[in-house]
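2 protein chains.
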Amino acid sequence: MQVDNRMLSLAHRMADSAGDILRRAFRADMAVENKEDASPVTAADREVETMLRKLIEAVYPDHGIIGEEFGNIRTSSPFQWVIDPIDGTHAFIAGQPTFTTLIALAKDGVPILGVIDQPISKERWLGVMGEATTRNGAPAHTSRCASLAKAAIATTSTNYFTPEQATSFERLKRACGHVTLGGDAYLYAGLASGKMDIVVDAGLKPYDFCALKPVVEGAGGIITDWNGKPLNVASDGRVIAAANEELHKAALHLLQRD
Amino acid sequence: MQVDNRMLSLAHRMADSAGDILRRAFRADMAVENKEDASPVTAADREVETMLRKLIEAVYPDHGIIGEEFGNIRTSSPFQWVIDPIDGTHAFIAGQPTFTTLIALAKDGVPILGVIDQPISKERWLGVMGEATTRNGAPAHTSRCASLAKAAIATTSTNYFTPEQATSFERLKRACGHVTLGGDAYLYAGLASGKMDIVVDAGLKPYDFCALKPVVEGAGGIITDWNGKPLNVASDGRVIAAANEELHKAALHLLQRD
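Protein chains in written order, with our numbering: chain D, 1 to 258; chain X, 1 to 258.
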């Protein structure tokens, strides 16, 4: 097994510490906040990422770090921690408890450990390559839905699509039974727990998608880029996840039909 | 004061009991659920509303009840409890903790007490006509944002708009600084806590909007129909809420400009 207890323990400690900060910030009265400035949010983002980086450095001073707020360090290390202190900052600002903290560990570019943590609902999805995904310690399973017509599809926002990508997504969306807009990484966590059948996004960054791979795959789902290729830290940010292979194949076919 | 402690105590007890059921249902593994059937969700809806009705009947057997699942009774009573066991059923199914339980008490058609309860994040907004709104017991305030260009606007879904209403909303949306799609009553709770500046919806039912009025008004906000008229149980379901009078006036002007 490539992921050892020390790595797992660190990932949990990171998620715990991020949650402590974010619960406090989420509960804070933001009534007087200037939304254009949005400094309290940036403050929470930075505070969490600074803390996550410290925790990593204390245990693995030789590992690389890829983070949303403070860039990349030690990029030549085989191990890279890929972190997003607040995925769904928009939801966080708007007071919607659907933002998450994302923590991934990649080895030679392949995510082998992923955590999706929602600190308000206190849900934590943990995925480890080759092992069953858990939500709060209990097994998480994707749905058995194998038909597009019955599938619930979601995307974070069609605003991130190019016109061509939007056309592809529209085609797939029309074939699906139910559509959800908005949600970020929390949508993929929902997919890992069988509440969502397909999630499609474009324009994601490594810190947005690396944690998703072990979580989705360990729950029985398939997650790839729009060409059907496995995700790695260098993937182009177009992501499609489905509850199972049959659904993934059908969805990918519609997404690609140009 | 028109709302007495017995009414308040009942409203809290109703929200507590609903939360107990919904937390259990939300955490339940829905992996094998057939989404077209969606029976587990209907089960939770019905279970909560049945319980809420029992609680009302035990204290106020002469009060009327307007509910989403089981219709209206004693409609000629001056007091009407207006209840929605799960507002945002779609979010509930999708595993997004943004659904709420809505409880309102209307007197002579005017909502005088409103509760918006989110049982996963454990947030409860309580509004009483003429009194300050609270979130979990602490005062809630709308934002001071008085400029459309800086305002964060939200709507539950543009799917509920007629083409004319969609045009009106688009016009208003374009003037605003930030847009959120999706959220249901939880958006109005966010507005009451200063996280959202304007919320616009159409096609709402009394059990969707009655609880919003005391909560939004007691937090300093303005909530009316699209003609600027105060909401009551017979309002037409087009709702606009804003953080303050200035913003409400500006938003209403754009919404109405045809």
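It is worth saying that the hints were derived from the structure and are not from the lab. Careful, some of the hints might be misleading.
If several chains are the same, the list does not tell them apart, and a pair holds so long as it fits within one copy or across any two.
Keeping only pairs whose Cα atoms sit at most 20 angstroms apart, straight-line, the calculated EDC-like set for lysine to aspartate or glutamate is [unchecked claim]: (1) 205 / 236; (2) 122 / 20; (3) 229 / 16; (4) 122 / 69; (5) 150 / 170; (6) 107 / 170; (7) 122 / 16; (8) 205 / 225; (9) 229 / 245; (10) 107 / 57; (11) 107 / 236.
Status of each hint after checking the structure:
{"no.": "1", "hint": "205 / 236", "in the structure": "within (8 angstroms within a copy, 44 angstroms between copies)"}
{"no.": "2", "hint": "122 / 20", "in the structure": "both (11 angstroms within a copy, 16 angstroms between copies)"}
{"no.": "3", "hint": "229 / 16", "in the structure": "neither (32 angstroms within a copy, 47 angstroms between copies)"}
{"no.": "4", "hint": "122 / 69", "in the structure": "neither (24 angstroms within a copy, 30 angstroms between copies)"}
{"no.": "5", "hint": "150 / 170", "in the structure": "within (16 angstroms within a copy, 31 angstroms between copies)"}
{"no.": "6", "hint": "107 / 170", "in the structure": "neither (35 angstroms within a copy, 46 angstroms between copies)"}
{"no.": "7", "hint": "122 / 16", "in the structure": "both (10 angstroms within a copy, 19 angstroms between copies)"}
{"no.": "8", "hint": "205 / 225", "in the structure": "within (12 angstroms within a copy, 42 angstroms between copies)"}
{"no.": "9", "hint": "229 / 245", "in the structure": "within (13 angstroms within a copy, 53 angstroms between copies)"}
{"no.": "10", "hint": "107 / 57", "in the structure": "within (17 angstroms within a copy, 61 angstroms between copies)"}
{"no.": "11", "hint": "107 / 236", "in the structure": "within (18 angstroms within a copy, 58 angstroms between copies)"}
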